[in-house]
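**Student:** Here are the chains, one letter per residue:
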Amino acid sequence: MKRNIINNRFVFLIPALIFFVAFALLPIFLGLALSFTSWDLINPIKFVGLSNFRKLLEDKWFWNSLVVSFKFTGITTPMLFIVSLILALLLYKESKASRILRAFFYWSYMTPIVVAATMWKWLLSQNTGFVNYALSLLGFSPISWLNNSITALLSICAAQVWILSGFMMVLFITGLQNIPLEYREAALVDGANRIQIFRYITFPLLKNTSILVLVLSIAYSFRSFTLVYIMTAGGPGYATTVTPLYIYQTAFTQFRIGYASSMSLIFLIIIMAIALLVMKIQKREEV
Amino acid sequence: MKLKGNGLSYTQIIAIILAIIFLVPIIWTVLSSFKTMGELYSFPPTLFPQKFSFNGYINTFKELNFLGIVGNTLFVASVATIITVFLCITGGYALAKGTFWGKSGITNLMLMTLFITAQVTMVPLFIIIKDLGLLNSLWGLIIPAVFTPTGMFVSMQYMKGVPDEFIESAKIDGASEWQIFSKIVIPLSAPLIAALSIFSFTWRWNDFVLPLIVINSNKFYTVQLALGSFQGQYDVSWNSILALSVLSLIPPLIIFLAFQKFFMQGLMSGGLKY
Chain A
1 MKRNIINNRF VFLIPALIFF VAFALLPIFL GLALSFTSWD LINPIKFVGL
51 SNFRKLLEDK WFWNSLVVSF KFTGITTPML FIVSLILALL LYKESKASRI
101 LRAFFYWSYM TPIVVAATMW KWLLSQNTGF VNYALSLLGF SPISWLNNSI
151 TALLSICAAQ VWILSGFMMV LFITGLQNIP LEYREAALVD GANRIQIFRY
201 ITFPLLKNTS ILVLVLSIAY SFRSFTLVYI MTAGGPGYAT TVTPLYIYQT
251 AFTQFRIGYA SSMSLIFLII IMAIALLVMK IQKREEV
Chain B
1 MKLKGNGLSY TQIIAIILAI IFLVPIIWTV LSSFKTMGEL YSFPPTLFPQ
51 KFSFNGYINT FKELNFLGIV GNTLFVASVA TIITVFLCIT GGYALAKGTF
101 WGKSGITNLM LMTLFITAQV TMVPLFIIIK DLGLLNSLWG LIIPAVFTPT
151 GMFVSMQYMK GVPDEFIESA KIDGASEWQI FSKIVIPLSA PLIAALSIFS
201 FTWRWNDFVL PLIVINSNKF YTVQLALGSF QGQYDVSWNS ILALSVLSLI
251 PPLIIFLAFQ KFFMQGLMSG GLKY
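For the protein sequence lines, the chains are A and B, in the order given. Every letter in the first sequence is one number past the one before it in the numbering used here, and letter 3, counting from 1, is 3. Every letter in the second sequence is one number past the one before it in the numbering used here, and letter 113, counting from 1, is 113.
With the rest of the complex left out, here is chain B (with noise of 0.2 angstroms):
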């Protein structure tokens, strides 16, 4: 059922009075990454640039190596992606539409680590990094994050809503199981890969925890351990690291406006900042 609101109300006007506060972190931050250094630091501070400077930005590019950073994090947050959606998709039909001895049991443990985040297996999961010979690589921060409990969980419950009789039927016609899975399973589960790709790619994008235990040298960073890491030099100026911030929220705007149906309907709420 949908109640019908009528043109601007009172709550409305409130709600615009606090939206306005609550972007003034991002505003504040947007007007300060177009100062020169001696605006940014001078006191009281100005409000708006007196003079606009893409100094910050133009750092970013040659001495943060921008385009270097920018390309790691697409290909970790792209080949993670594809994986994940992968693992999800054939991994969540298998517990939906399977019959197997242990079936529940993998699932509820599975389930289980939803609650466990990397934050808390950090130690462990470092040394098993480590012994696969992954640190300090770009797959260290794709193999050990594309499972996903929440991608699997709801995978799972799509599945279940795939009809059965879609796949009886092609059975009888003389189908085989991965033919089943690819010309009627998959189709059926567009919008669900859909829904996947667009959290992990986000997920990926945004991650912090992984990259910071198992990455070491610049050559290897993503835009969030630099944004990061750069904060501690003191050789690399505020100026820049605004324009770091300002620019690494794009990517996430893009997605986010791009697909807002699919965050606003709280689908996949469960662990989105995993």
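Chain A on its own, in the form it takes in the complex (with noise of 0.2 angstroms):
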């Protein structure tokens, strides 16, 4: 008996095993549990049902916080596309000065989050910051970007961009180097132009990395908290509040565990719909 588990190598999987369940798996169904009930970690831990839920369809501030990920999601998406696909298409050809060049963007990526929201906050300072010093040069009076909601949401995205765009740019560099050259050389026979060349060739024949930055660029910012708990905390008033920050408040200013639970939950499932959706797309186009 001994020899036949030592053989089918289960035991090389239990030390991981132990870890998944009890910290990846678990605390999806503790949160489950948990968002039918009404704790706020000191009394007793109270079973609510459905209330919570119910209490969710009113609470005009959860519904804003969707809006808000909406939108931040919808505006960095369609950006960090196009500006990482410019990038890969500048520097995707081999030679010392683009790899150099890459590792620049790339550098952006490898800055802590924390870090990269610092420097965009300093950056974006209405009396100390770069930008409105640039802008003054111009002629323009300082802007306060972080007090107004609509230049706040958009210096959050323009961070994400900033954040996301050397590691998409390296997806679509391979991708792109991955389109035999004949192809477009066959194209430039033909007589097409460079423009030609890439909306008839080289972007449809990019099509399965284009979903997989689609896809990583709305799971990266639907779950984005760190970039705005540090730039905004939320603010002005809830104009940046995400919902993962809107949970992260309901259970640990507030300390409503099975309402921030709740949450979690509802929010978990439309981030796997959309993840389905995506797939689902790309399935159909596949066809």
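Because the hints were derived from the structure by calculation, they are not lab data. We put the beta carbon where it would ideally sit given N, CA and C, even for glycine. Among the clues, some could well be false.
If you only want the chain A side, here are some residues facing chain B, beta carbon under 8 angstroms, derived [what the hints assert, rightly or not]:
| no. | residue |
| --- | --- |
| 1 | Ala16 |
| 2 | Leu34 |
| 3 | Leu91 |
| 4 | Leu101 |
| 5 | Phe105 |
| 6 | Trp122 |
| 7 | Thr226 |
| 8 | Tyr248 |
| 9 | Phe252 |
Take the two lone chains, each set in its own frame, and fit them into one complex as the hints suggest.
**Tutor:** Set out below in structure tokens:
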């Protein structure tokens, strides 16, 4: 019996399995269970049935946070796509110069998010930031970037694009380098210009990479928490309070553990639904 | 296939201009970190420091306990990395080369958690950490973070590439399962172990969400938590915060420069910001 257990190599999985169950699987089920309760961490835990979810339907700040999350993702994703694709098109050919330049763009991705957020906050600071300084040189008056609902949202979007575009660029470069040169050469011989080649040959052949970039940038943007927490703390008002931040505030500043859990659950379902939707679209287009 | 370029083309010149624009946030922070407090808050701001001041840097050591928080972070990142690598190579081996009931089910379940991150499960995770008595301790930053679905997935894929013949012939020669693993599989996995170590260390060094919910005393602050928390405190000057930002950029930068190729291959692209 013992020999059999060792031979099937299940033993090797046990350490990983313990941590997987305790810290990846259990939280999901515990979160599910907690979402039917009311608990402030101090008083005894109370089962409240579906009342958290009923409250959620009427919580306008929860719906507001979802709208903010969708806006944030909706603005970030296309910007990220275009910026990283342009960078990749500029740098996909192998040469010493482009290897060095790629590293420069990738550095922003290596920057810890807290540091990136701090740097952007400082860059956009009303009186001491570089952006307003540059604007003042051009004769504009300073803008209070992070204190206005619209510019605050755009600012965190810009920071997110800055953080991720180097990484997405690498994905696009890999994709571009995998396209056989012959295709483009043939088109060139047939008299196609650069834009036509990109439009009809390169871009369609990049489809798989494009979908990967879209999925990742949607996933990353929906879960974005640290960037917003540091740059705006959700403000002004609730203008940049994305859902993960609202969940954090509900759980850890108001100590409404059960209510925050029900929010996490709904948010998780929404993320999953979007991921499935994107994959489904991808599958359909493959046929 | 490699496409060869020749010298600096106009596309590269555009790229250089874009790179400079891209680096503005970093350059501005580095320049500002060397300004005196007076200069930092003068309007219009100066581009270059008029008088180089190291006060911000001195303050991070004197007032912000820089060495302490770096020590905490190094401890967390190193221990977590050792455990993560162990879990990934053993687990990845089992999933790639094992034959047992429920293998594909477990694999799929693990892959599913790729989509679920601490940001979504932070409330129940907090309860588990609390019940284990790990709140406000450095182990509370290590134990819950060592399992990574990305790492498991990459390990499994890598281990699948280890030829079965090697394992079979060792078995015929009478090697035990553990000997096969330690004498054949581990040496063949050196590149995997290197990649996992680099990524795991970077993830733990850069992590903010877990420290934010687990740690509440400055004694156990990590670099990122310190940087995030000090910004809300009125007695900490921006001067020191900028210096701390610059200092905390250095380790990831060193890792990146030393192992550029691992990052640029997009090998472990999936969940780099876990």
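**Student:** Would you mind marking each hint as holding or not holding in the structure?
**Tutor:** Status of the hints after comparison with the structure:
| no. | hint | in the structure |
| --- | --- | --- |
| 1 | Ala16 | 3 angstroms, holds |
| 2 | Leu34 | 6 angstroms, holds |
| 3 | Leu91 | 6 angstroms, holds |
| 4 | Leu101 | 5 angstroms, holds |
| 5 | Phe105 | 6 angstroms, holds |
| 6 | Trp122 | 6 angstroms, holds |
| 7 | Thr226 | 5 angstroms, holds |
| 8 | Tyr248 | 7 angstroms, holds |
| 9 | Phe252 | 6 angstroms, holds |
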